[in-house]
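Engineer: Heads up: the sequence lines are chains S and B, in that order.
Just so you know, we're using my numbering here: the first sequence kicks off at 1 and counts up by one.
Just so you know, we're using my numbering here: the second sequence kicks off at 1 and counts up by one.
The set of hints was computed from the structure by calculation and includes no laboratory data.
Just so you know, not all the hints are guaranteed correct.
Copies of the same chain are indistinguishable here, so a pair counts whether it falls within one copy or spans any two.
With a straight-line Cα cutoff of 30 Å, these simulated DSBU-like cross-link-like pairs (lysine-lysine) come out [what the hints assert, rightly or not]:
hint: 1; residue 1: 262; residue 2: 82
hint: 2; residue 1: 11; residue 2: 254
hint: 3; residue 1: 11; residue 2: 262
hint: 4; residue 1: 254; residue 2: 148
hint: 5; residue 1: 254; residue 2: 82
hint: 6; residue 1: 148; residue 2: 11
hint: 7; residue 1: 177; residue 2: 262
hint: 8; residue 1: 11; residue 2: 177
hint: 9; residue 1: 148; residue 2: 262
hint: 10; residue 1: 177; residue 2: 82
hint: 11; residue 1: 82; residue 2: 11
Small disclaimer: the values here were computed from a predicted structure and weren't measured.
There are 2 protein chains.
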Amino acid sequence: MYAGIESGGTKWVCAVGTGPDDVRAVERFPTTTPAETVGRAIEFFRRHNGIQTIRAIGVGSFGPVDLNPQSRHYGHITTTPKPGWQFADIAGPLGRAFDVPVGFDTDVNAAALGEFRWGAARRPQGLDTFVYFTVGTGIGGGAMVNGKLLHGMLHPEMGHMILPRDPVRDPFEGACKFHGACLEGLASGPAMEQRWGVRAEDLPADHPAWALEAHYLALGVVNAISILSPQRVILGGGVMGQRHLFPLIRAEVKALLRDYLKVPQILERIEDYIVPPDLGDRAGVLGAIALAEQAFDSSR
Amino acid sequence: MYAGIESGGTKWVCAVGTGPDDVRAVERFPTTTPAETVGRAIEFFRRHNGIQTIRAIGVGSFGPVDLNPQSRHYGHITTTPKPGWQFADIAGPLGRAFDVPVGFDTDVNAAALGEFRWGAARRPQGLDTFVYFTVGTGIGGGAMVNGKLLHGMLHPEMGHMILPRDPVRDPFEGACKFHGACLEGLASGPAMEQRWGVRAEDLPADHPAWALEAHYLALGVVNAISILSPQRVILGGGVMGQRHLFPLIRAEVKALLRDYLKVPQILERIEDYIVPPDLGDRAGVLGAIALAEQAFDSSR
Numbered sequence: 001m002y003a004g005i006e007s008g009g010t011k012w013v014c015a016v017g018t019g020p021d022d023v024r025a026v027e028r029f030p031t032t033t034p035a036e037t038v039g040r041a042i043e044f045f046r047r048h049n050g051i052q053t054i055r056a057i058g059v060g061s062f063g064p065v066d067l068n069p070q071s072r073h074y075g076h077i078t079t080t081p082k083p084g085w086q087f088a089d090i091a092g093p094l095g096r097a098f099d100v101p102v103g104f105d106t107d108v109n110a111a112a113l114g115e116f117r118w119g120a121a122r123r124p125q126g127l128d129t130f131v132y133f134t135v136g137t138g139i140g141g142g143a144m145v146n147g148k149l150l151h152g153m154l155h156p157e158m159g160h161m162i163l164p165r166d167p168v169r170d171p172f173e174g175a176c177k178f179h180g181a182c183l184e185g186l187a188s189g190p191a192m193e194q195r196w197g198v199r200a201e202d203l204p205a206d207h208p209a210w211a212l213e214a215h216y217l218a219l220g221v222v223n224a225i226s227i228l229s230p231q232r233v234i235l236g237g238g239v240m241g242q243r244h245l246f247p248l249i250r251a252e253v254k255a256l257l258r259d260y261l262k263v264p265q266i267l268e269r270i271e272d273y274i275v276p277p278d279l280g281d282r283a284g285v286l287g288a289i290a291l292a293e294q295a296f297d298s299s300r
Numbered sequence: 001m002y003a004g005i006e007s008g009g010t011k012w013v014c015a016v017g018t019g020p021d022d023v024r025a026v027e028r029f030p031t032t033t034p035a036e037t038v039g040r041a042i043e044f045f046r047r048h049n050g051i052q053t054i055r056a057i058g059v060g061s062f063g064p065v066d067l068n069p070q071s072r073h074y075g076h077i078t079t080t081p082k083p084g085w086q087f088a089d090i091a092g093p094l095g096r097a098f099d100v101p102v103g104f105d106t107d108v109n110a111a112a113l114g115e116f117r118w119g120a121a122r123r124p125q126g127l128d129t130f131v132y133f134t135v136g137t138g139i140g141g142g143a144m145v146n147g148k149l150l151h152g153m154l155h156p157e158m159g160h161m162i163l164p165r166d167p168v169r170d171p172f173e174g175a176c177k178f179h180g181a182c183l184e185g186l187a188s189g190p191a192m193e194q195r196w197g198v199r200a201e202d203l204p205a206d207h208p209a210w211a212l213e214a215h216y217l218a219l220g221v222v223n224a225i226s227i228l229s230p231q232r233v234i235l236g237g238g239v240m241g242q243r244h245l246f247p248l249i250r251a252e253v254k255a256l257l258r259d260y261l262k263v264p265q266i267l268e269r270i271e272d273y274i275v276p277p278d279l280g281d282r283a284g285v286l287g288a289i290a291l292a293e294q295a296f297d298s299s300r
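Use the sequences and the hints to build the structure in full.
Structural biologist: This is the structure:
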């Protein structure tokens, strides 16, 4: 049995199990202090560790995180603005509590791994290079490249790519404290709320907000295609629960690319190219279980 | 001995050798028709194949190219606008002429491989994830990710990422026939020439053209960092021969990132992070020799 944690800035989701058809238990609780929150996760796993043995723990976390195994801050959340969480050690106390390997990555890389293992990256055949965006309170992007999660220098920060904004069409200057008009600054849930004065989920489907949202998300997808050449783009997160966004984004991606890329994936079957996660809102925590599985396998 | 071809839209560069310190012969000739151009390369290699045996051939080509080994157009240039070159088979006739394996990739991926094998990605220690941009007649980007060249769906087309343009600072709408204001449309050599009415190499170093050029290239680098998290960014090509661009780009990348990424590579040692190729203008043809070496090794 594996233990998985989706470590979000507002809540943690913990689960034990082996995959989407075998989740034995789930618990959700608010993200308070690191000590208390990690403590609650340990307590939850201990209750289940009595029944069956936890072989490894996986954590997909909000970031930025340190993924360099040579670093003394490996497995920590690092320079987050979230009070009390700067350089909080997550992997360390979990591994010590159960004396098992811990797989640790970003929340979006975990979700990408979940979709690689059990979801949208497996059909019709396994992909080895794809992107997973989550669009919600923030925007994050993870990626699998050549069959491995993408870390590179640090980890992708796809929400912070810089996009064009037409001030006539959109006078809102962007919500990102660092970059203003980056993808997250223009298209996250809070950006929508600041721009329109209404929470995103309360905007009706025919509101012009959605065409603009689709435009920015399509710009993000087009830049990810140009730079990373993914075999598929998976879009998850709270905002993408608005399923009417998908056809708008697909049409806008085609319009922005202007037939430059002559590939059937985009020209003929874009509905299979830009897709929601198969695992839905469980992608994160199931991805954490997949991280645990990977940590266990590589420890043997 | 290996044979390498840097297949450009205006000229081909062919070389035989085993690496930067052992180039036995080089020949350059203009890109005419596919049959004539491939024929001249074969003739050149035949002259040298008598003296020592060519074990494999590598080609780094202008694109778009088909890199899918399962495709019937593998090793072809595909939908290029260059007259006569649509779906030209490059790898096929070369392999048949010498009955050796052929390594085939984009010109920029080849250059990235050259820098991985012998150049800027080897110091101070080997990197496995980095980006190589070439800025000249067009703008292309290649990448090594997790130790393998990035192909994904097709291959990166980094020159076509879409960037913001401030029409007050820069009224020029961009030179790209497909996207107008993409990176290539705003920052290639021809874009500079169209914007300023003077060839890029004739603009003095204190001309405002260079600050604007550095701004656009920095936007491209920032988006590549956000999406791909490279451990280094190598900038080559004719325009980058203007070495005064490097400090401008580095300063602009730092300004655009606004300390969001708290990594020493950017905050402390950006002069080692954004660098010219060690192999200079030989990166392409030496990368092609590295592709040949790779093809030979994987054929054994």
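Engineer: A separate judgement is required for each hint: does it hold in the structure or not?
Structural biologist: Against the structure, the hints come out as follows:
| no. | hint | in the structure |
| --- | --- | --- |
| 1 | 262 to 82 | between (44 Å within a copy, 15 Å between copies) |
| 2 | 11 to 254 | neither (36 Å within a copy, 33 Å between copies) |
| 3 | 11 to 262 | between (43 Å within a copy, 25 Å between copies) |
| 4 | 254 to 148 | both (28 Å within a copy, 29 Å between copies) |
| 5 | 254 to 82 | between (38 Å within a copy, 23 Å between copies) |
| 6 | 148 to 11 | within (27 Å within a copy, 37 Å between copies) |
| 7 | 177 to 262 | between (38 Å within a copy, 15 Å between copies) |
| 8 | 11 to 177 | within (22 Å within a copy, 47 Å between copies) |
| 9 | 148 to 262 | both (27 Å within a copy, 24 Å between copies) |
| 10 | 177 to 82 | within (14 Å within a copy, 45 Å between copies) |
| 11 | 82 to 11 | within (13 Å within a copy, 55 Å between copies) |
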